[in-house]
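Novice: Sequence:
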Amino acid sequence: MSKSYGTFTVEYPEQRIKLPEAYRNMPVLLYDDETGHELCTSCFQCQRICPPQVIHMTQAKDPASGKPVPSVAEFIIEYDACMSCGFCAEVCPFDAIKMDHEFELSTHDHPSLTVYKRDLNRPVSYYESIAPGFWAEARERAYKKLATNMKRRPGAIGIAPHLTEKITAAQAQAAQAAAAQAPAAKAPAKKAAAPRAADTAAAPTDKEAKLAAIRARNAAQKGGSAPAAGTAADAPLPTDKEAKLAAIRARNAAKKGGSTPAAETSAEESPPTDDKAARLAAIRARNAAKKGDATPSEESDQPAAETPPANDKAARLAAIRARNAAQKATEAAEQAADSATSTPEAPASSSEEGKPLDEKAARLAEIRARNAARKKGDQE
1 MSKSYGTFTV EYPEQRIKLP EAYRNMPVLL YDDETGHELC TSCFQCQRIC PPQVIHMTQA
61 KDPASGKPVP SVAEFIIEYD ACMSCGFCAE VCPFDAIKMD HEFELSTHDH PSLTVYKRDL
121 NRPVSYYESI APGFWAEARE RAYKKLATNM KRRPGAIGIA PHLTEKITAA QAQAAQAAAA
181 QAPAAKAPAK KAAAPRAADT AAAPTDKEAK LAAIRARNAA QKGGSAPAAG TAADAPLPTD
241 KEAKLAAIRA RNAAKKGGST PAAETSAEES PPTDDKAARL AAIRARNAAK KGDATPSEES
301 DQPAAETPPA NDKAARLAAI RARNAAQKAT EAAEQAADSA TSTPEAPASS SEEGKPLDEK
361 AARLAEIRAR NAARKKGDQE
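Under this note's numbering, the residue at position 127 of the sequence shown is numbered 127, and the numbers go up by one with no gaps.
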């Protein structure tokens with residue numbers, strides 16, 4: 001009869017009744033089991049709403065910049081004055097503070113009831129075990145906000161204090177493993193990049209060869225030589241050597257066909273304005289000056305006008321070289337006049353006739369170089 005009727009009590013503490021999920025006693029803080037990061041961002045909402053004002057916190061700061069970060073540096077709750085109202089858990093926008101089911105807190109040590117963050121921290125799995133339904137509702141939004149806040153936490157800031165060393169060591173091992181795998185991944189990439197670099201380096205040569213072939217073909221067409229044009233049009237020339245050979249053959253064919261030197265030179269040579277062009281102009285001017293009493297032909301003058309130096313320095317060098325060549329030609333003419341067996345009047349007259357021509361060629365080269373440099377400066 002005694003087991004069927006009457007009031008029966010639970011034999012506490014040997015027997016314990018399972019507490020409902022909504023039971024609340026003292027607040028605790030949550031952190032992620034995997035990353036160790038605390039869900040609290042130090043927003044101060046719980047501190048403001050607490051009726052007895054027993055919650056105190058300090059926001060963490062970036063040690064490099066000194067700016068605040070979404071993490072709590074210290075969190076204190078005075079359990080001896082807490083009224084277990086649960087306002088802090090309700091107002092928290094990050095689901096970082098929850099009400100614990102532990103109620104056996106009696107102690108003779110009164111200062112121990114002032115609890116700091118290290119003793120307040122609980123893993124998410126603990127709260128899930130005592131309130132699975134409540135955590136299922138909050139899980140998605142809580143982890144979404146935590147992932148956003150973790151991006152703004154430098155170093156080990158925001159990790160639970162008792163897990164800092166463990167998490168830091170795991171991160172260091174992961175970084176070393178990634179660094180060890182990086183060279184192995186870069187090696188195939190370098191091998192694949194080598195053929196591309198070779199193709200890129202060979203591209204300018206092929207382009208110059210094609211341009212030379214086109215110029216040679218145009219020169220041959222103007223000279224009326226069909227075979228040379230056909231040879232140049234068969235296929236693009238792969239190297240500079242073959243391009244030069246094609247240009248020489250086209251020039252010879254054009255000469256046989258009766259084309260004028262000026263047309264041949266203009267069709268064949270239209271090189272870019274660079275130092276090489278400046279040197280070619282100087283060489284042509286020197287050759288024209290060496291001819292002495294011979295009148296400079298259109299073939300000598302035309303390239304100098306068509307190949308302007310790239311800058312003022314190249315122009316001045318070309319002019320100086322042309323002037324020096326003219327002076328050397330004049331001195332050579334005078335020496336030849338002195339050693340000649342003919343009458344002194346004839347060599348003197350020939351040297352006097354050659355001197356103006358040499359100086360004229362030098363002046364022409366200098367003027368062309370100066371004009372080319374001036375045009376280049378105007379274009380820039």
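Everything labelled a hint here was simulated from the structure, so no lab data went into it.
Warning: the hint list may mix true and false statements.
[To be verified] The following label-pair restraints were derived from C-beta to C-beta distances:
hint : residue 1 : residue 2 : range
1    : Lys151    : Gln173    : 18 to 28 Å
2    : Tyr5      : Pro51     : 41 to 51 Å
3    : Glu14     : Arg141    : 37 to 47 Å
All C-beta atoms in this analysis are idealised placements derived from N, C-alpha and C, irrespective of residue type, glycine included.
Novice: Which numbered hints does this structure break?
Specialist: none
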